[in-house]
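Student: So you can see what is in the structure, the chains are spelled out below.
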Amino acid sequence: MAQRNQQNRTAPDQKGAYTLATVMFLLFILGLSSVFATQISVNEQRIARNSFHLLQAKQNAQSAYANIQRNLRWNDVKGLSIGDKSTLDLAEIMSTSGRSQGSASVNIWRRSTSTFQLEIEARSAPNFASYTLSQDFTFQQLFHSLPQQAIIARKDIRLSAMNNIGTLDNNTNTPLVWAGGPVATDLDNSVIRDNDSRLHALSSQELIQNFSHLDIDTLQFLTKKLSCDRTQCTNADIGATSIAYIDGNISIAQDLGTSTSPVILIINGQMELQNNATIHGVVIVMNDWSVTSQAGSIRGSIIVDGNLDIEGVVSFKYDQELLSTLNQNTSYFLPVVGAWHDF
Amino acid sequence: MISRQQQKGASLLEVLISLSLLVSGVLAYFQLDARLINNNHLIAQKTEATQLLQQQLATRSLTGNPGDSGTETIDLNSQSYDITWSIEDSSFGRAVNVAIDWKDNKGEFSDQTHLELTTYNSQIDTLALSLLPPPTPIQP
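In the order they appear, the protein sequences are chains B and R. Each residue of the first sequence is one higher than the one before, counting from 1 in our numbering. Each residue of the second sequence is one higher than the one before, counting from 1001 in our numbering.
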């Protein structure tokens, strides 16, 4: 039957059918090439997008690492037993200007008494790419040599008779006052070491590095910078890092630090110590410190990069145990060489 | 039985249908092609912008100071990229923000022609410092 139909078809009819078939074939080829071209374009788009998301994930990991390096203290991990893991939430730093650019989760393992392992897994937003890095680290104590005196001043010291200076256990075997210049006071000479030309010759940087591993610039990066210009500064302002850098004047009207959580104050300005407020820790004044009529106390040590002139009633108590606690608590993140891995 | 006249008409109709199909197919193909070319340009621009972004983040992180900010235009493969950057200090570290905008083929800015990223840098070279032996402290 089919054979008969074919035989009945005329030449023009067949030409039309061939044309249609050819066109359909051409359209099919065009369609195929469109599909391939679109597919290639979509793939290229994905590659371009993925390279941006990978960069995003990488920067998230970098940001998390910077945050850990800057803010992680011994206090945060001292409770971990060997083999234990702690997870930190870093959601806040991944959100900039209200726009999330991904996420990062941080795990810290305690590998031994002194070494830890940090693992950061960062992701892009949306969750297309991930970047993982791992780094072993330990903690470095801030002071390689703890201050041994209640008062250290690079230049001259003048103390009024009303000042109360001593150690917590009244051990006066070592001098309580150490100065690069002369010391004018009614105190017994046995507790004073003055006119020390070696101390006087130190630069500001050398004075800091006489006690600390870090120079003043690096120390600033580890601190929480406060603007306490004639306003109150509280323990909450200083926060968990226990180190504060105040670029300006500061007025302290209440206790700062405690005997178990002492603080380090680095002051590039004038400090006003009021209302029997007590500072527990180390105060580093980066210029002269002049006190007229105040009545606070410093338990720990004060280092003055200049002249110290006190007319008011200020009590200084040197406390070695407190300084040792401070040194332990403020230990900072120190990466182990050759222990960086990224994936 | 189909007459001769009817047979000619059928052929013409098939040719007309074929031609209209071919023309519309070719037109659709060219339209798609134009869109793909535009898309490919955008992809190439996005890739270049991502590389510039990475470069700028590294440069600004290493050389910038808190409070610094600026804009600059970089021409690359006959395409201009407007770069805006700023550096701020925060408790997380030093925040370096870089944004890149460029014009698409129609000469317009859009979400598709904008990339932005913020990274934090601790600015602490504790490793180098820790390798230095501590100075011999002076004591009274």
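Honestly, the hints are just simulated from the structure, not real lab data. You may find that some hints are simply not true.
Stated by the list, open to error - Derived CB-CB ranges, DEER-like:
#1 1078/R - 115/B: 22 to 32 Å
#2 38/B - 1021/R: 19 to 29 Å
#3 1051/R - 22/B: 44 to 54 Å
#4 29/B - 1017/R: 15 to 25 Å
#5 34/B - 1077/R: 22 to 32 Å
#6 1073/R - 78/B: 47 to 57 Å
#7 1114/R - 29/B: 13 to 23 Å
#8 1037/R - 76/B: 51 to 61 Å
#9 217/B - 1106/R: 43 to 53 Å
#10 40/B - 1084/R: 24 to 34 Å
#11 22/B - 1101/R: 48 to 58 Å
#12 1077/R - 22/B: 13 to 23 Å
This structure is a prediction, so every number in the text was calculated from the model and none was measured. No residue lacks a Cβ here, since even glycine has one placed at the ideal position from N, Cα and C.
Student: Would you mind marking each hint as holding or not holding in the structure?
Tutor: Consistency of the hints with the structure:
no.: 1; hint: 1078/R - 115/B: 22 to 32 Å; in the structure: violated (54 Å)
no.: 2; hint: 38/B - 1021/R: 19 to 29 Å; in the structure: holds (20 Å)
no.: 3; hint: 1051/R - 22/B: 44 to 54 Å; in the structure: holds (47 Å)
no.: 4; hint: 29/B - 1017/R: 15 to 25 Å; in the structure: holds (18 Å)
no.: 5; hint: 34/B - 1077/R: 22 to 32 Å; in the structure: holds (27 Å)
no.: 6; hint: 1073/R - 78/B: 47 to 57 Å; in the structure: holds (51 Å)
no.: 7; hint: 1114/R - 29/B: 13 to 23 Å; in the structure: violated (39 Å)
no.: 8; hint: 1037/R - 76/B: 51 to 61 Å; in the structure: holds (55 Å)
no.: 9; hint: 217/B - 1106/R: 43 to 53 Å; in the structure: holds (49 Å)
no.: 10; hint: 40/B - 1084/R: 24 to 34 Å; in the structure: holds (33 Å)
no.: 11; hint: 22/B - 1101/R: 48 to 58 Å; in the structure: holds (49 Å)
no.: 12; hint: 1077/R - 22/B: 13 to 23 Å; in the structure: violated (42 Å)
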